[in-house]
Each structure stands twice: as structure tokens, then as C-alpha cells.
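Number of protein chains: 2
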Amino acid sequence: MYSTISCLPCTSSALKQCSRLFMDEFGWIEWIKKKAGKVPSGWVGIGDDAAVIPSGSARNWILSTDTIVEGIDFDRRVTPAQAGRKALAINLSDMAAMGAIPQAFLMTLGIPSSWKRDKKLKLFLKGLFNLAKEYRVVCVGGDMTSARQFFCGITVWGEPAGKKAILRSGAQPDDLILVTGALGGSIKQKHFSFTPRVREGQWLAQRGYPNAMMDVSDGLAQDLSHLLRASHVSAHLNLECVPLARHARNLTSALSDGEDFELLVTVSRNKIAKLLSEWKKSFPKTPLNLIGSVHRGSSGIQYYLNGKKQISFQPHKGFRHF
Amino acid sequence: MYSTISCLPCTSSALKQCSRLFMDEFGWIEWIKKKAGKVPSGWVGIGDDAAVIPSGSARNWILSTDTIVEGIDFDRRVTPAQAGRKALAINLSDMAAMGAIPQAFLMTLGIPSSWKRDKKLKLFLKGLFNLAKEYRVVCVGGDMTSARQFFCGITVWGEPAGKKAILRSGAQPDDLILVTGALGGSIKQKHFSFTPRVREGQWLAQRGYPNAMMDVSDGLAQDLSHLLRASHVSAHLNLECVPLARHARNLTSALSDGEDFELLVTVSRNKIAKLLSEWKKSFPKTPLNLIGSVHRGSSGIQYYLNGKKQISFQPHKGFRHF
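As they're listed, the protein sequences go chains X and L.
Read in order, the letters of the first sequence correspond to residues 0 to 321 in numbering that gives the first Met the number 0.
Read in order, the letters of the second sequence correspond to residues 0 to 321 in numbering that gives the first Met the number 0.
Treat the hints as calculated values from the structure; they're not laboratory data.
Heads up, some of the hints might be wrong.
It does not matter which identical chain is used: a pair holds within one copy or between any two.
Computed list of lysine-lysine pairs in DSSO-like fashion (alpha-carbon distance at most 30 Å, straight line) [as the list claims (entries may be wrong)]: (1) Lys-32 to Lys-270; (2) Lys-37 to Lys-163; (3) Lys-162 to Lys-37; (4) Lys-115 to Lys-34; (5) Lys-33 to Lys-119; (6) Lys-125 to Lys-37; (7) Lys-37 to Lys-132; (8) Lys-125 to Lys-32; (9) Lys-163 to Lys-33; (10) Lys-125 to Lys-187; (11) Lys-162 to Lys-284; (12) Lys-307 to Lys-163.
Turn these sequences into a full structure, and let the hints steer you where they fit.
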């Protein structure tokens, strides 16, 4: 789904100037947001991992869409089945980030002639449907078209696992910040084999732990910035606590590689002890690490190393889609 | 949205044989349908203009998706604004076909570098959002990615205007068949400027007229075949009653050109007089023509000219997406 308005390194005026010359992804999202029309009261529109729409009943609907394109999101180094799995997995990760139970999806396929005559498309779809079966989501429709470059767009929807959808905008000053799993180096393998944190997201939402939640898809530094901006708060990030994945080259890699598909959560300080104890029993194999704290103000992320503020530390920007 | 299983000219065994060599659009849809998972009771999955999902409240949700690709669905002969308008209009037409009130949409954009640096994308989106404003549908999210060829996929949803969604599968023997507007030659201009029949679809659904309804997007002959197959019935089509659009070259063109985006409706015979009289008052400028009748059996369409059966008449196949 569209991310929030602009990443932190761009000040609003820099973004404005830049947009006159050549808008980047976030410039376009900002522009689209203005044109998109005002969403009715009670709806969540552009700017979170998914849209939230009241359904008339007690439960809301949560909808999200994500697309993968051959040559951009995957290439010949992965099997078609791995690519198909990823097409759905990234969408399930958005549902996880909302604390949602995914239910069904629509699928759009753009198919070049090279994909039609051999087994590629079947293998792609088998990878996709195997994951669908595992998560009990059904395909209820879609669209097929010819294209020069293969693409697969999925729109998935579900219901909140807890009382309501967990948004990016709910972080409160004095919350603590946690992240599941480990970060960085996903490009080596994990971004095709990751397990979307659907069960973890539901578990957290059902127990009312998260004040805010999102998935880490564009790198922790960039994604945390989005969450802070949506919540009008800032954060202290303790660099020594950031969990590095096996293939992460270094801390910068863990902060900015992207495609981790882990959950980034903020939780009230007084719930942390209970959460960590319960988590260990429910997910003994999945780490949940405290990495920082939420503070008032809009100064973005302040980096700390062993309690010492790192004024000049600046990770690379995270992944941008163009 | 995915259409139904196979067009009439393919017998089931011919399709099976053909699919071993090279599956066409309908072969793939059939294959995907098998893999898609069984939809829960009360849901409508693959095979109609849109999916229908119970929402827990009295009203169901109606969801549909359609994509346009540069070089396939539009080219340099149309303005980016016209293409953007079409991207949304084809989706609104699917909502019309279900008798739905469209509410909101998600939008995926695949953007080549040539679209980023100039005004094309802005013009495309302006065309799209102008139509969105006209029909009061809001964009609540989406996805942007780089691509070699521009594409725009939209997922739209809405609520039934009447008591329930109007399906393709509701046609009853002895129904009469009607079509709005005129058919054929849409490629000359209409497929970029057509008015999606949203108001007409809602009007019909609210008054409980249609037993079955769909939009004519792949040509009347092919689309009527889909409706008949979904309803397990056959039809007599009176060729002299088929309304030809100004740019239709001939009757074959009206039956098979595609992209008409008119409504194809079946209505109980005893409601026809009231319908035609009320329609004339509500839509004085939009023709609604009786073109045939529904019958028992699965023999597909039987063509008649001035009451005489045309045994050898066979229109060209309608449009196929690949």
C-alpha cells in the first residue's frame, strides 16, 4: 500500500521544490492524496498499511493492495513458484500489520507471451495458491491481460482480529518500540521465503497490546519515520538493540535494506513485561526485541548507542520503489 | 473481472485438448477457478462481473478489479486523461453490472521512466479523479511501482443498490433479454468516452427488475453466452432487434466488437411493459431494447431474423484479452 507522505530526510519545502522537477514516490503519494477525495468519517484512507472501511456491522473491513513486477521485484534467480508466493505474502504482511484476519483476495495478472506457452505461469500460481491455502484465504476474482512485462497485483481484505484495526497513527509518548524477528540482508534470500507475521499480528491485536503497528518493508529507519509522522511523535532508537539478521552486512544494512516484512509495534510501557512473558510462550522461536521509545515532538528518530546520543549518525535512506 | 469459463464456440473437449498445448484466457480462468479455493456459502467468487461477500450486516460487499495496460488497452491516439478516465470507468461498469453503488477504490500504478518526468502521469490521474468525483468514489489507497510498460489496476467496491447484488446466474426461462444503448464500433471513440451505466444499473436493481445482469465488454455474442452458461439456460436472439451504434460497421460488428460497456439484462416477461414505460421517463435519452428471450436447455444462442431461425449464422468470436 501507499506509504505515508514523505520520508524524514526530505523537509517539506525540499519536497515541494523537488516535486516541480521530478516527483519521487512520496511526492506522488502526496499529490494523489490531495486528489483522492476526502474519505468519510470513520474511514482510514491513503497513508497506512491498508484502508479501513466501516462495514455497517460491528467489524470494519481492512483492504490492501500490492503488486510485483518481473525484473523489479523478482528476476530469473528465483523460481516462478517463489515469485508467486511472494506476490501474496507481501499482501498478507500488510494484513498482519493491521492486526487483521485476511479472508479473500482479487488477483490481476499481466502476462507476456513468454509466460503463456510454458509452465512459468502455472508454477507462479501454484506458489501463490499454496500460500493462500496455508493462510485460508480464497481467490474470489481478478483480471488477466497481455503485457510486455509480467506483473501480478493482489488486493486482499480481512477483518480486525481484535476490536479494531491497528493503525500507524496510534503511537503515544512513552510507548516502547518493538520489532519482531531480525532485520537486514533480506535480499539474500528471506524476501522470497519470509513468513508473513499474520499470526503474530493477530495475536498482538487480540490481546490489545499495540498502540501502533506496521510492517517493515522499506527499511526500519524509513518505516519508523512513517509511523512517527503518522502519530505526530518522535523516537529514541537504541542502535545496540536492533536485531541483525544473519545476512545483514552491518547496522546500516539492518536499518535500511528493506523487505524484512517484520512487525514494528509500539506498546504502552506498563504492558511490556506481560507482553514479553506471554510472547515467549506463544512464539518461542520468534524474537521480539525492544529497540527504543516514543517521545513527544516531531523531531523524527534520534539515534542512541549504549545511552549516548549519536548526533551525526544517519542511515541510508530505505528502499524507494522509484 | 474474470469472465466465465469458456466461450460457446469452444466445446468442452476442444478446450481441454487446446489447453494442453496453449491455454487461452478462458482456459486459464478455468484453471485458476479450480485452484482458487472454495468460497464460503453465501459468497460469489470467480465467474461474475464482481465478487460478492457477506459483510455481517444486512448488506453485502461487491468487489471487482480491472486493469489497463499501455499499448494493449490504449495507445498514443488517446490523451493520458482519456486513458485515466477509462481505467476507472471500466471498473464502474462492473459495479453497474451488479446493480451496485460504488463507494471507493484502490489503485495500482506501474510507471515507466518516460511517464515519471513529464506531465503524462498527472494528466492520467486527473482524468481518473475527475470521473471519481463525478461518481463520488474515493481513492483509499494503492501501490506504485516501476515498470517498463505503464499499467493501472483498480479494485473498486460498493454495496447493492437493491436488496442484493444482481448476478449473471439469475436468468430464468421465459425471461426477456434487453440491452441498453447501442452496440458495435466502440473502438472508434466510445470506449474512451462511454458513460458507465451506474445510474441505470442502480435504478434497475432498486426496482427489482433484473433476474440477471452483466456489462457487455467482450461483445454481445460472447457475453450473452457467459450469462446463459452461468444461468444454465439458452436464448433466442432476434438479430433485427440488436441496436447498432453509429460506428458499428454491420451486425457482426455489433455482436462482437467488444468494449460497448452497455448493460445486458434479463427480466421476467410480466414486468416488461411496466419497465419500458418507467424507463422512458427516467432515461429518455438512453435506449433500452428488447433483443431476445431466455429458454430452457444449454444450447447457447439461437439466432433469429424476422422470426426465421438462422442455422448457419455464426458471429465472430468476441474480444479476448490474449
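Status of each hint after checking the structure:
no.: 1; hint: Lys-32 to Lys-270; in the structure: neither (35 Å within a copy, 46 Å between copies)
no.: 2; hint: Lys-37 to Lys-163; in the structure: both (21 Å within a copy, 27 Å between copies)
no.: 3; hint: Lys-162 to Lys-37; in the structure: both (25 Å within a copy, 28 Å between copies)
no.: 4; hint: Lys-115 to Lys-34; in the structure: between (37 Å within a copy, 18 Å between copies)
no.: 5; hint: Lys-33 to Lys-119; in the structure: between (40 Å within a copy, 18 Å between copies)
no.: 6; hint: Lys-125 to Lys-37; in the structure: between (39 Å within a copy, 16 Å between copies)
no.: 7; hint: Lys-37 to Lys-132; in the structure: between (36 Å within a copy, 10 Å between copies)
no.: 8; hint: Lys-125 to Lys-32; in the structure: between (36 Å within a copy, 12 Å between copies)
no.: 9; hint: Lys-163 to Lys-33; in the structure: within (26 Å within a copy, 34 Å between copies)
no.: 10; hint: Lys-125 to Lys-187; in the structure: within (23 Å within a copy, 40 Å between copies)
no.: 11; hint: Lys-162 to Lys-284; in the structure: within (27 Å within a copy, 49 Å between copies)
no.: 12; hint: Lys-307 to Lys-163; in the structure: neither (38 Å within a copy, 62 Å between copies)
In this structure, the hints that do not hold are numbers 1, 12, in rising order.
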